[in-house]
Amino acid sequence: MKARKLHNRIAVLRRDRGLSRQDLAERVGVNHQTVGYLEREEYNPSLDLALRISEVFGLPVEMIFSPRPLRPLSEEILARRTREEK
Amino acid sequence: MEGTVTGTTLRRGVVLNYGGLAAATVVFLVGEYRGWDLGLATALVAALSVLVATFVTTFVRTGLWRLVHTAVANLDEREVEWTHEALRRSYRVITALTLGVLALLSFLVRFSVDLLTFRGHFSLGLALLIALAYLVNTLPAAWLAARRRDWIVG
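Quick note, the sequences are listed as chains A and B, same order.
At position 81 of the first sequence the residue is numbered 82 (the numbering used here), and the sequence of numbers has no breaks.
At position 36 of the second sequence the residue is numbered 1173 (the numbering used here), and the sequence of numbers has no breaks.
Possibly wrong hints are sitting among the right ones.
Interface residues of chain B toward chain A, partial, derived using beta-carbon atoms under 8 Å [what the hints assert, rightly or not]:
{"#": "1", "residue": "D1213"}
{"#": "2", "residue": "E1214"}
{"#": "3", "residue": "R1215"}
{"#": "4", "residue": "E1216"}
Every beta carbon over 12 Å from chain B, so not counted as near; a handful from chain A, in silico [what the hints assert, rightly or not]:
{"#": "5", "residue": "Y44"}
{"#": "6", "residue": "M64"}
{"#": "7", "residue": "R84"}
Just so you know, the hints here were simulated from the structure itself, not pulled from any lab data.
All C-beta atoms in this analysis are idealised placements derived from N, C-alpha and C, irrespective of residue type, glycine included.
Looking at chain A on its own, in the form it has when it is part of the complex:
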């Protein structure tokens, strides 16, 4: 089975939290180069690593990773709120 390309918001979330790649790498227990590969969407993380990343950002894993291109987080939240209000 060929792996699907996964899109993610790691770069945006990392910058938003004021973390360097090295900081994030240390928190999730990988090499800083791996964070670069994840951010460029050149590597799909294991479930364990995806969960560790979601724990660092305090967000559900589906808010960070998706098989479809991700919209900006602000648009996503706005769309959710709109759906909830309806």
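Chain B: place on chain A using the hints.
Just chain B, lined up with the frame of chain A:
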């Protein structure tokens, strides 16, 4: 250490390093065979300089050396995947080169030393070595599976 090196730069560095190694080996063999002179000594120093310089810039500074010489337990999942693929490919190359050299040597000295031909049965000797090269990694795989108790068939 953050920063980037392009894939092309990395490849160029590795090719230069291998070139330096090959050139140093050839110059050394020529020097030993024909006798050393200033030109050969200079060529050897130049080849060794390329070897050392590219080793430092391409292998050490980029972390490539660490990547391929670190125990699996100290690598992250992407690095394990990467080194696995690198080892798989290098095993193929080493196997092909070794078999090629053995076959060549057998042809060159087949009437004095029987390296591969098994008393003239060249195809059988080579076939056995190719079979071994193809199957040999099942040995550690089976041992690893035994350590993990069960092997799921299918």
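Indices of hints not satisfied (ascending): 5
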